[in-house]
Amino acid sequence: MNVLPRSARWICAALASGHLAGSAATLDKVEFNRDIRPLLSDICFACHGPDAQKVKGGLRLDKRELALKPAKSGKRAIVPGKPLESELVQRLHTTDPDDRMPPEESHKTLTAGQKDLLQRWIVEGAEYQGHWAYQPLKRPAVPGGVPAIDFLVGQRLGSLGLQPSPEADRRILVRRLYLDLLGLPPKPEEVDAFVADTSPNAYERLVDRLLASPHYGERMAIGWLDVVRFSDTIGYHSDNPKNIWPYRDYVIRSFNSNKPFDQFTIEQIAGDLLPKATLEQRVASGFNHLLLTTEEGGAQEKDYEARYLTDRVRAVGAVWLGQTVGCAQCHDHKFDPVSARDFYSLGAFFADIQEPIIGRRADGEFVPTQEQAAHMRQNAEREESLRQQYEEPHPEWASVHAAWVADQVAAIAQTSRWQSLVPTEVKGTGEATFKVRDDRSVLVGDKAPDKDTYRIRFEAAPATMLGLQVEALRDDSLPSKGPGRAGNGNFVLTEVVARIEAPGKAPRTIPFTSARASIEQAASAEGNPYGAWTAASTIDGDAKGDGYGWAILPEAGRPQRLQLGFRDPVTLASGETLVVELQQNHGQGNHTLGCFRIGGTTDPEALRSKVAFPPSKEIADLVTIPDDKRDAAQREKLFVIWRDMAPELADLRQRLADARKVKSDFEATVPRSMVTERNDKPRTVRILPRGNFLVETGDIVEPALPVSLSAATKPPGDRRLNRLDLAHWLVAPENPLTSRVVVNRTWRQFFGSGLSKVLDDLGAQGELPRNPALLDWLASEFQSSGWNLKHMVRLMVTSRTYRQVSTASPELLAKDPDNRELARQGRWRVEAEVVRDNALSVAGLLVPVVGGPSVRPYQPDGYWENLNFPQRGYDESKGADQYRRGLYTWWQRSYVHPSMLAFDAATREECAAERTRSNIPQQALVLLNDPTYVESARALAARVLREAPKDPDARLRWAFRQTVSRSPLPDELQTLRTLLDTQLREYRADPKAAAEFVKVGSWLPPEGLDAAELAAWTDLARALLNLHETVTRS
Amino acid sequence: MTPTTELLRALRQQQTRRVFLGRASQGLGSVALASLVSPRLPILGAAASDRWTGVVNPPHFQPKAKRVIWMSMAGGPSHLETWDHKPKLAEMHGKPMPESFTKGKQIAQLQGQKLVCFGPQLKFQRFGKCGVEICELFPQIGSVADEICWIRSMTSEAINHDPAHMFMNTGSQIAGRPSMGSWVVYGLGSEAENLPGFVVLTSLGQGGQNQPIAARQWAAGLLPTRFQGVHLRGKGDPVMYLGNPSGVTRERQANVVQAINALNARHDAMVDDPEIATRIAQYEMAFQMQASVPELMDTSKEPASIRELYGCSPGDGSFASNCLLARRLAERGVRFIQLYHKDWDHHGGVKDGVQLKAKEIDRACMALITDLRQRDMLKDTIVVWAGEFGRTPMSQGGDGRDHHNAGFSIWLTGGGMRGGLQYGATDELGYAAVENPIDVHDLHATMLRQLGIDHTRLTVKFQGLDVRLTGIAGRLIPEIVS
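First to last, the protein sequences are chains A and B.
Numbered by the working numbering, the letters in the first sequence go through residues 1 to 1034 in order.
Numbered by the working numbering, the letters in the second sequence go through residues 1 to 482 in order.
It should be emphasised that the hints constitute simulated quantities derived from the structure, not laboratory data.
Since this is a predicted model, take the numbers as computed values, not measurements.
Honestly, I wouldn't trust all of these hints.
Distance condition first, Cα-Cα at most 16 Å in a straight line; then the derived EDC-like pairs of lysine to aspartate or glutamate [unchecked claim]: (1) A:K302 / B:E157; (2) B:K461 / A:D249; (3) A:K259 / A:D249.
Label-pair restraints from in silico Cβ distances [stated by the list, open to error]: (4) A:L84 / B:R475: 38 to 48 Å; (5) B:K461 / A:S785: 27 to 37 Å; (6) B:K461 / A:E65: 27 to 37 Å; (7) A:D951 / B:K461: 53 to 63 Å; (8) A:P569 / B:Q113: 47 to 57 Å; (9) B:S482 / A:E127: 54 to 64 Å.
Covered, in the sense of this in silico footprint (three residues per stretch, anywhere, with C-beta under 8 Å from a C-beta of chain B), are these stretches of chain A [said to hold, decoys possible]: (10) 794–800; (11) 940–951.
Quick reminder that beta carbons are idealized off the backbone N, C-alpha and C, glycines included.
Using the sequences provided together with the hints, build the complete structure.
As structure tokens, then:
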């Protein structure tokens, strides 16, 4: 076989073509991880990999012992050292389309060179290696006195025959450092100072100064907030706000204070579980609430429970493990050793998080400033002192309380002296309808006339009845809850007539001699001959007019009673019925009864004792226990009930209520943040076959660590694991993933791409790092430095590698177009937030306050018109908050601010380890026309007119330096001058337009500036703020 | 030597160098040169040099269709009051829904409630030679019934609005996957000179059930941002930040843009960064869009006969206006046009609700089909009418219907779709698709096939996967195309 020469030819061709592939760059022994695993993973694993359910032909190629076994066909795919006996090799070359691998329907192909690699590998013994990312960190030896980064980069460059680039100009360096470490441009004075500083460690001192700036934490937070998907809203459907911004400030503070990354990790995943968790740690645990949630009615709990679980597992995969574990939601991972069981077991760690699956989320814990905390303490103290006064034993109230208890007993007795009668027929004279209910009350419905007379017939009544009671009752169906049908709940009962009727006999009217009621309305009684709306007027035979009667204001909404005494006792004879007529002839405003009940009594005391209402059942049960039989708890309860309603305590009660209101009103102004609350009874987690939440037959799983990914082991003992165990496992020294993932992500911030390019996938489908030794050295240094992130950043930005120029010779460009080998620096457009910060900063408008509630920059009207439940307007921030840094922008997941979105800000619906860096027309529209940038240009123009020297060219130079930290070249100056002159002519000729133009936004320029001049300079400043160089870090 | 000629020389040198380096494709030359040579009139069509021509180039198959107009009836239209007549359901009205239909199925707001059959609330009538039976409130659509391919066996995996829209648009319920419009533009590029390749328009219904729609529905997701749908709005600037600041005329804006491009070109000559050429092209494109988009949106110059056909007046923000704009976009080469019309979420008052919707869409749909046909564009434009799901045969609250994903109706026309065909069916109560059921992936796969794309081959690497619009599924439905 002519294996070696052919592959050698291929490799030479690859080199000649100018593409320095990371694999097989030299004719070393084939290395499984570098050369073979990527091929097998991409081409073969989908059918011959870890997903046990999908294995075809009984062949797995992901483990050596399985690959060497005979497959279902009996043939052996791989016979080490013997390519001709290896079925795999046969299948690569066969012309039979049924046998050929990869099969056509996979749309995968292998190049001749790749086939040769596989053959060589088999010739050389088909050795496997564990996947690189799961292997323990191997810290390469680095000679003393040499910066490790430069040594390891240099080693690699040397092996490729590449030379590092020279160090960049100091002006470029200082601008690069400011943008990378602070996300803000340097002021020209700061540039000059650094350029002039010739001391040997000037650069290092600049780095230290920037690392100590409070804006460093803001800069670092941008990437973190993307990867954890931080936003101000819930995400799904109505996308309503949630309280979470203090978590963002926690992140900024943590970067600024250089909190060790292991602690940072533990606090976010399990801050609430730490012993004596501080407020800071609980706020950190808000991490668990950053996912998308829903308030949509009709959403199914099981559906969203599954969504939340998978969302959280994906987050752990993206943020710490660099693993695309999401695949295992439906099936064992096809490329990496993560089974569906691992996935759901990982999800089970989060099953203890208390939350409504559907609906409004908790407001969260108070996160006061010191001042607010003091105020809250004061409020609490005042409330506490009043509460104590109110609740402490008060012997002086004992007699008042005892009298009240006696009244309740009497009221019960009074009520029991009456019994309700059962109506057998109810009729009205109008179109109202009547419904007799189980409690013998009558509810009136349908048309409410101004006048009506209800006739109620009773076929049975107690013998020797002495009187009649009309109870006017409340009901929720009535206006103002009744009892009347007038809008205010009132009625006027003008006359009550009682008759005994029998077939074939003349009716006998029963004369009344007394009338009394629970209330008689005194208001609106002008012209009423009784001077009030009295009970007496219901039995006067309408002697003083039929429009007057009994009414109850202001006591509507409560039950009332009218009690009428008979002249003689009444007993119904056989065949006789009692008819009660309620005449309501007031004649206006539907003053008729809406709900009532008729009762009778045979007890003379019923008409003598006070007209009282029985207390609630709760009170009745307590007061009917004799005084000496009530136990302490009952006595206390009865006392509390009385205390909460006694008129004698109204004043104290009011003061306590006031104090409570002051407290809650103030609390409404104090920030809150969602924190993790642990539920002692975690939700049950099942493996969902194919991720389908409707199938509830999967095994129940408990939290378990995906040990296949790391040698770090589970803690001893057989208790249920919790989030704290997970967090400790993530940052255990034996876990090589977390430190690799984090330094790789950090590397991108300073060099443009990760050492392993796919930041969120260090698995088999990710990229083998170009320089594995460098990644391992950094990861190991990160761990051994105590997870010291500032230390790592300092190492990176002080390296010679970092300080190289970002321009490239044609040769270098041809050999390494994407700068993966680091023979130069990278150049890229800055992040969306930094685009904004840069403009505001140059304009002098930036308000550099760190932290606080999210703010609302100008936004086009109607951008939120497609939000609903509720509809939302957009109130742009006023004053200082309009000029805050981009990372404080209100993050509305379904409608991220359009300027931010245009520059690739993440919507933060999913964890995103990196943003694309696009270059689209919308970016031009934003920088040209968004009021934020127009206003910034005007402010910069005003600065030019007031701060710069008077000479026009000097002014242009000054403005140019403010924007890009260098002086313009002569032809650049000429272009600027032409623009300025042209626009000045334009605006001088059109003063109205100039006046309009300088009003865009809300920032007012200083008095006394000529509008045309300001307008022309504004256009000049717009051009500067739009330059590619202005928005580029190079 | 003037700075301009100096700059020209620098540019030519750079161009030569680029050709030498094999990077001539950047197209900087034509753009920047044109803008410098003729400083008053920045270049027509120059931005086209940066135009994306697609990764499926040449197409996998001979395309039958060039573009798509997707009418998203947001909220979930009732198939039982529109396109799927169920007399048996009328007979069962008021009776319990047989449990054999509903057991173990997803259910939304009717969870835990008694399920009662709710008969069709509107009358049906036959239309066209094909004799399709549809609700009588849609006579205009009925008048073009023979152009339309009726599908009554559609299904979806999702049952709440937000995930269901995501599923219908991206083939996945997880946020972050590209919308179909983004996929199609990524695959085929766009023929539009100064307009985005994927455009979205929205309109509100008058019934007040306007469910929220998130911008993620037209996001490019894991594809580059340039493939995202651009939302053209009825009010304010049609595109965000399209209008110049007040006081700035087009000419003054041109001066600024030219200075920016000249300075960027000058800088490129120093640092040789391909991103700068792209940025120059994008400023050209943005500047052209500032003219072309308002021109596009201004329908006042359409003949009165056309405005009557659609039944709309310029700037009224109606669905009909959006249909007319869709035709104008299609004429200008826009690849994928999506019209959202909201207010189909009839949990209550489905009868009145659909009546209102019929008034809003019936004439407009007919007009769009007719107008495309008379311009000979229907043959290569796929028009889709679809909600994110349908509605239950069971009553909700006595006069409405709940969300429903086990079977519902959509229709397609143009772009080689088989006119007059009635494909698939739900069971006798309109609950589940039982005859020829098709799912969202099948629909996507078949539409892509018409556009000349093999859905299994339009992929992009993401997190180790060859991600595609159809996930790991998608069957072609050859019966629905001619």
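Verification of the supplied hints:
{"no.": "1", "hint": "A:K302 / B:E157", "in the structure": "holds (14 Å)"}
{"no.": "2", "hint": "B:K461 / A:D249", "in the structure": "violated (35 Å)"}
{"no.": "3", "hint": "A:K259 / A:D249", "in the structure": "holds (13 Å)"}
{"no.": "4", "hint": "A:L84 / B:R475: 38 to 48 Å", "in the structure": "holds (41 Å)"}
{"no.": "5", "hint": "B:K461 / A:S785: 27 to 37 Å", "in the structure": "holds (34 Å)"}
{"no.": "6", "hint": "B:K461 / A:E65: 27 to 37 Å", "in the structure": "holds (30 Å)"}
{"no.": "7", "hint": "A:D951 / B:K461: 53 to 63 Å", "in the structure": "holds (56 Å)"}
{"no.": "8", "hint": "A:P569 / B:Q113: 47 to 57 Å", "in the structure": "holds (56 Å)"}
{"no.": "9", "hint": "B:S482 / A:E127: 54 to 64 Å", "in the structure": "holds (57 Å)"}
{"no.": "10", "hint": "794–800", "in the structure": "violated (count 0)"}
{"no.": "11", "hint": "940–951", "in the structure": "violated (count 0)"}
In this structure, the earlier hints numbered 2, 10, 11 are contradicted, and the remaining ones agree with it.
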